[in-house]
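Take these sequences, add in the hints, and give me the full structure.
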Amino acid sequence: MPNIVEVKSVNKRFGRGPVVLNDINLAIEEGEMVALIGASGSGKSTLIRTICGLETADTGVGRISLFGQVTQSGGKRLPAQRQLRSQVGVIFQQFNLVTRLSLLTNVLVGRLGRIPKWRGLLGLFPRSDRITALKALERVGMADKARQRASTLSGGQQQRGAIARALTQEARLILADEPIASLDPASAERVMETLGTINKEDGVTVIVSLHQIDHAFKHCDRIIALKDGAVAYDGTTEGISPENIANLYGVEGLDLVKDARPKDGDGASAEGHAPSYLKPVAVAS
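For the record, in the sequence shown the residue sitting at position 68 is 68 according to full-length UniProt numbering, with numbers rising by one throughout.
Because the hints were derived from the structure by calculation, they are not lab data. From the three backbone atoms N, C-alpha and C, an ideal C-beta is built for every residue, glycine too.
Within a straight-line C-alpha distance of at most 30 Å, the following computed DSS-like cross-link-like pairs (lysine-lysine) qualify:
| id | residue 1 | residue 2 |
| --- | --- | --- |
| 1 | Lys200 | Lys8 |
| 2 | Lys200 | Lys135 |
| 3 | Lys76 | Lys227 |
| 4 | Lys76 | Lys117 |
| 5 | Lys227 | Lys8 |
| 6 | Lys8 | Lys76 |
| 7 | Lys117 | Lys135 |
Label pairs and their in silico Cβ distance ranges:
| id | residue 1 | residue 2 | range |
| --- | --- | --- | --- |
| 8 | Gln87 | Phe14 | 24 to 32 Å |
| 9 | Pro126 | Leu101 | 14 to 22 Å |
| 10 | Ser154 | Glu243 | 37 to 45 Å |
Dropping the structure here:
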């Protein structure tokens, strides 16, 4: 499988503050669903924002490539960043919907990169785009809410609307930054199931930052863990140990792994459930 995302020697510091990203090197293959975990301040959100171009890496040898094209190099965005923008869907913790607009209109925003600018300014979306948006809403179980204002929807419903927007956008890569952090458990599970379905059925690559470790184990085959801005673990869910998690989260990590190491055969199952030594609790992000 070709690499959808490549990050090489990327560093990031805001002003004179501490290093936020420290020599990040990683590659994400097409079709993967990857969890990005780590304690608060570990650099998860900054990494996602840098990959999608909302932030630039520091000057130097750092480079980011998407779909085989270099989008950032030497601390500068390159033309490919804008050209590939329509292929990258970004989902934020705070939903990022325009609350006064209908859910359908919010989802249609995903087509802005694929229609003439004047149509977007006037809100004149072709009928084919409206059909695409309605089908996307149907896939995430929100078609019956299409005409409602976004402000009337629950957090989980708004987040599924944001996923529908990425589908309407025809994104090949979804970057989800803490998409379930503010949701109740049932809504969080439904959002993660929706992302997992899109990954499996459409082959869309998904990178999702999470503070709920149980969701990372249940829904993702690969985990990338950050600590103090550096990659502390990159591998399968089965491979991460209680010691790894305790190292990442300190005392909170010990609560997650206070039982002994998993017994033989007690790691993540083929269905993707969390190893039994992990408790289904959230940790600070």
